[in-house]
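Quick one: dock chain against chain with the hints and give me the complex.
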Amino acid sequence: MKYEACIGLETHVMQKTRTKMFCGCKHEYGAEPNTNVCPVCLGYPGALPVLNMKAIELCCKAGLLLGCEINPHSTWDRKNYFYPDMAKNYQITQADEPLCLGGQVMAEVNGELKTFTLERIHQEENAAKNTHVSGASLIDYNRAGTALMEIVSNPCMHSADDAFAYIHALKLIMEYGGISDCDMEKGHMRSDVNISVRPVGQEKLGEKVEIKNMNSPSFIVEAINYEIDRQIDLIESGGAVVQETRGYDPDRGETFTQRTKENAHDYRYFPDPDLLPVEISAEQVAVWKSELPELPVQRRERYVSELGLPDYDARVLTAEKSISDFFDAACKQTKQYKLVSNYLMGKVASLVTEKGIAIGESRLTAETLAQVAELVGGGAISSSAANELIDVLFNEGGDPKAIVEEKGMAQVSDDSALEQWAEEAIAANAKAVEAYKAGNAASVNALMGYVMKQSQGKANPPAVIAMLKKKLDA
Amino acid sequence: MTDATHIDVSYVANLARIDLTEEETKLFQGQLDQILEYVEQLGELDVSNVAPTAHAMPLVNILRTDTPRDSLDNEAVTANAPAARDGQILVPKINEQF
Numbered sequence: 067m068k069y070e071a072c073i074g075l076e077t078h079v080m081q082k083t084r085t086k087m088f089c090g091c092k093h094e095y096g097a098e099p100n101t102n103v104c105p106v107c108l109g110y111p112g113a114l115p116v117l118n119m120k121a122i123e124l125c126c127k128a129g130l131l132l133g134c135e136i137n138p139h140s141t142w143d144r145k146n147y148f149y150p151d152m153a154k155n156y157q158i159t160q161a162d163e164p165l166c167l168g169g170q171v172m173a174e175v176n177g178e179l180k181t182f183t184l185e186r187i188h189q190e191e192n193a194a195k196n197t198h199v200s201g202a203s204l205i206d207y208n209r210a211g212t213a214l215m216e217i218v219s220n221p222c223m224h225s226a227d228d229a230f231a232y233i234h235a236l237k238l239i240m241e242y243g244g245i246s247d248c249d250m251e252k253g254h255m256r257s258d259v260n261i262s263v264r265p266v267g268q269e270k271l272g273e274k275v276e277i278k279n280m281n282s283p284s285f286i287v288e289a290i291n292y293e294i295d296r297q298i299d300l301i302e303s304g305g306a307v308v309q310e311t312r313g314y315d316p317d318r319g320e321t322f323t324q325r326t327k328e329n330a331h332d333y334r335y336f337p338d339p340d341l342l343p344v345e346i347s348a349e350q351v352a353v354w355k356s357e358l359p360e361l362p363v364q365r366r367e368r369y370v371s372e373l374g375l376p377d378y379d380a381r382v383l384t385a386e387k388s389i390s391d392f393f394d395a396a397c398k399q400t401k402q403y404k405l406v407s408n409y410l411m412g413k414v415a416s417l418v419t420e421k422g423i424a425i426g427e428s429r430l431t432a433e434t435l436a437q438v439a440e441l442v443g444g445g446a447i448s449s450s451a452a453n454e455l456i457d458v459l460f461n462e463g464g465d466p467k468a469i470v471e472e473k474g475m476a477q478v479s480d481d482s483a484l485e486q487w488a489e490e491a492i493a494a495n496a497k498a499v500e501a502y503k504a505g506n507a508a509s510v511n512a513l514m515g516y517v518m519k520q521s522q523g524k525a526n527p528p529a530v531i532a533m534l535k536k537k538l539d540a
Numbered sequence: 024m025t026d027a028t029h030i031d032v033s034y035v036a037n038l039a040r041i042d043l044t045e046e047e048t049k050l051f052q053g054q055l056d057q058i059l060e061y062v063e064q065l066g067e068l069d070v071s072n073v074a075p076t077a078h079a080m081p082l083v084n085i086l087r088t089d090t091p092r093d094s095l096d097n098e099a100v101t102a103n104a105p106a107a108r109d110g111q112i113l114v115p116k117i118n119e120q121f
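These protein sequences, in sequence, are chains A and B. Under the working numbering, residue 540 is the last one in the first sequence; the count climbs by one each step, no gaps. Under the working numbering, residue 121 is the last one in the second sequence; the count climbs by one each step, no gaps.
Hints listed in this document are in silico derivations from the structure and should not be mistaken for laboratory results. None of these values were measured; they are calculated from a predicted model. A hint or two may mislead.
[Unchecked claim] A partial selection of chain B residues facing chain A, derived with a Cβ cut-off under 7 Å:
id, residue
1, Leu38
2, Ser94
3, Asn97
4, Ile112
5, Leu113
[Unchecked claim] Below, computed lysine-lysine pairings styled on DSS-like, alpha-carbon distance capped at 27 Å:
id, chain 1, residue 1, chain 2, residue 2
6, B, Lys49, A, Lys278
7, A, Lys252, B, Lys116
8, B, Lys49, A, Lys92
[Claimed, not checked] Here are the in silico distance ranges between beta carbons for each label pair:
id, chain 1, residue 1, chain 2, residue 2, range
9, A, Asp249, B, Gln54, 48 to 56 Å
10, A, Ala348, B, Asp109, 45 to 53 Å
11, B, Asn84, A, Glu70, 38 to 46 Å
All residues carry an ideal CB built from backbone N, CA and C; glycine is no exception.
Chain B on its own, in the form it takes in the complex (with noise of 0.2 Å):
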């Protein structure tokens, strides 16, 4: 599984929907190995007195107000899809209930 030093490269690459073989799968598990313990570095910093970062800008309310403005045409979202039919984009068939 994954944890703080270790990431299951398999694991992670089942998530992304990534197909790896297995050398690469080899490969990059000590590649990532190897920079986590490069980031562990950070570890040694005392950072108890820190708050959590949410954004590296220090900008907060980028806010707009609810105005509708005009959306894109139909035939210009169908175009850009793989496939579409009546206006929807047509996709295989997914049953799973998120």
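So that you can see chain A by itself, here it is in the shape it has in the complex (with noise of 0.2 Å):
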């Protein structure tokens, strides 16, 4: 029999905020333990939380990135449970009304345009990391109470890719919505996987596992693709899956039993008292709407349509958005848009890969960049020399021009050194010369090489071949 898998995401999104949920706490990563709390987020008795307004903001210019309808009228709730990373022993959501309804991620599979459509977009709070030493936990409560909201999809996903893909485009929407920076490391962005299989043609959903908590999406695809042939050989075999929660184990590659239906947890969800609903108007969505900064795949068509990038250049340089954004600072300052394309792609992409630091940490800036796009566009440096340039940019910074001076960098387009190059090159490669008068005219590049080797790269390409033409057609 042949089974179809049917999986649905749970995200959980860090906002970027400056202060928590519901108190002025500071929102930082890696500040010292519990430095970062107050009677609000430690839950103490008679503290009363506040809206942050920013997050409310966020939350909702999410949802109209992802195509939500905006809930004008939204409400919060308790969901109870004993742990100490809450110390409140409820965390603060939103139950049956959330800020955002329905919505949509666009994603590209194998090079298919999918929609995967979600449910809700609500609104809750961070719990706090735990540290598990030898016989006890330690708790830091600086992340308690952080801005959190759940992106939850429909299971219309069938497949690792297809979450795989989903991640990544909601990753991106996030990054360049200035909704979070999406910092895996850093646990930015959590997902919980909802996965049933089914015998293809049969319209109800199996018996469905989660698997929670998974921040990297390499493992999350491994877990989809051991959950889904865990389960079809569990019904193949007579077995039957029963619901239940799941971790993933990466070391063995392997799900394991966390929670079972039977001890499944009652939440005893209700209205938080001390929370008053949020109502938001059709004209505070207008202005939010009207403040939504570009998405990759405007950001795509513009270099295209307006710039005059190759389709490849767009996309491989709107997948990662701090390499889109030094593009875009680059070309404010230059028209050499190609050029620009390909150093970012080419020798910046590999120096990117080789120091293993971010293009912010190197010592580039899209101004220099500009410039060594200039200098090759002019003619003053030739393409080898504008890659040894961006070389020393990156790892030292400094002036260009300055570089190009002090290192003799400089293209020799000047006539007399070019005719001198050019009658050693005749001179020295007699073959060469004959059969280019034999009619071979691409016998040309041979003596153009020798130039360049004599010239240690200095020598201007087009310059020399126009000299050695006139030479040899003389």
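Below you can see the structure in the form of structure tokens.
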């Protein structure tokens, strides 16, 4: 029998706010433990949470970027559970009336553009960080109460590839939208995966299993593939999938039972009496819509239609926001768009990989890269000199023109120097000259190679060709 | 189990981490059933045209700006905890992932 997997994701995204969701404690990564805490986020009796308007705005803007309806009236609930990462013994969330409803994520899967529909986005708060030591656990409440939104998809994905493309597209939109930095290392984006299998053609969904709290897209792919196989094997061998929560062990490449339906949690949601509803007017939605930034797909179109880049370049550049931002900044300083693109995809990309640092951490700036493109475009330096120059700028920084001068990288277009190299080349390459005169025009390239070698790459190639032809045809 | 007219006291007590004796369970079960029965009277009213109430106060949009303010000193925080180590709150070992 053929089976089909149905996969839905609940993706938690940490929003880029300065303070927490319900109190003015700073939201910062890497602070000393328990220094960004107060009676509200420590759950002291009598403390009153107050909503962060920036978080509400970011959640709604995320919704607008994803085509959600903004709920005109949304409310707050308590999700009760006993676990020390939430000092209040409940998490504030939105059960019945979330901020955003519906929506979709468009993503390319193996060359095919697919639409994955969303159920909702709700606003909630993050939990504290636990560190497990021998016989005890240590709790740092700095992260407790920071703004966290949960993007819930429908069970509309059918493979690990779908889920991977969905997460990637979502991450890009959150980054471009200024909603979140989506730093996976810092746990800015984590997903729970709901997964079931059913015989192809059956409408009813199979019994689902939830795999909790994964931040690495590659682990999500592994976990999904493992889980699809496990469930199909189970059914094929006469068993049945039971509804449960499983974890993923990346070392063993397996999922394992964490909690079954029998001991499932009863969170006893109820309205939070501390928090009043949020009402969002159509006027407010219109203002937020007008403030939405350009998304990757729009940037890609602009690079092609306005800057004349090939679609391939546009796609590569927009795949990472930091690169795309760098490109945009450089293109404010030069019209050599294609050259800037070439260097970003070529030399700069290889330096980023080689040094293992982000482009923003290097000494290269959008201004200096723009100047390199200008120097090449204006014929002042050759392409190979440009690569050398970028290397210096990336590692040491500095003024491109000064470096060109200091290192003698300038391209020679001067006729008397070229004439001398051309004569040497003709004298030393009798065979190529003969072939050229016999009608093989391409053999001029051998002569040019000689000149480039003699000039240590400084000769201007088009000028060399012109000079050689002038001499040979004379 | 628990539905609109009956609360299973031992189930709810377990969720709330309250230890009850058999006598207490029996006593509270009877009392809670009575209370629910009393509240059931509200069922006589037709509320089909009434919007659900999220809050007793007729207010909305109580918001604050995203401006940081000072937090508590770490010493004050750890002093309030039953146990602490290296600026962190020390609790019995936990391992289940939520």
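So, going through the hints one by one against the coordinates:
Interface hint at leucine 38 (chain B): satisfied, since its Cβ lies 6 Å from the closest Cβ of chain A, which is below the 7 Å cut-off. Restraint check, serine 94 (chain B) versus chain A: the minimum CB separation of about 5 Å is within 7 Å; hint holds. Hint status for asparagine 97 (chain B) relative to chain A: holds, with the closest Cβ pair at about 5 Å, below 7 Å. Satisfaction of the interface hint for isoleucine 112 (chain B) is found here, the shortest Cβ-Cβ separation to chain A being roughly 4 Å, below the 7 Å cut-off.
Contact between leucine 113 (chain B) and chain A, as hinted, is supported at the beta carbon level, the nearest pair being about 5 Å apart and thus within 7 Å. Of the supplied pair hints, the one linking lysine 49 (chain B) and lysine 278 (chain A) is violated, its CA atoms being roughly 38 Å apart against a limit of 27 Å. Our distance criterion of 27 Å between C-alpha atoms is met by lysine 252 (chain A) and lysine 116 (chain B), whose separation comes to about 24 Å. The straight-line distance between the Cα atoms of lysine 49 (chain B) and lysine 92 (chain A) is roughly 48 Å, outside the 27 Å bound, and the hint therefore fails.
For the hinted restraint 48 to 56 Å between aspartate 249 (chain A) and glutamine 54 (chain B), the CB-CB distance of approximately 53 Å keeps it satisfied. At roughly 51 Å, the beta-carbon separation of alanine 348 (chain A) and aspartate 109 (chain B) lies within the given 45 to 53 Å, and the hint holds. Roughly 45 Å separates the CB atoms of asparagine 84 (chain B) and glutamate 70 (chain A), a value that falls within the hinted 38 to 46 Å.
Taken one by one, the earlier hints fail for this structure at numbers 6, 8, listed in ascending order.
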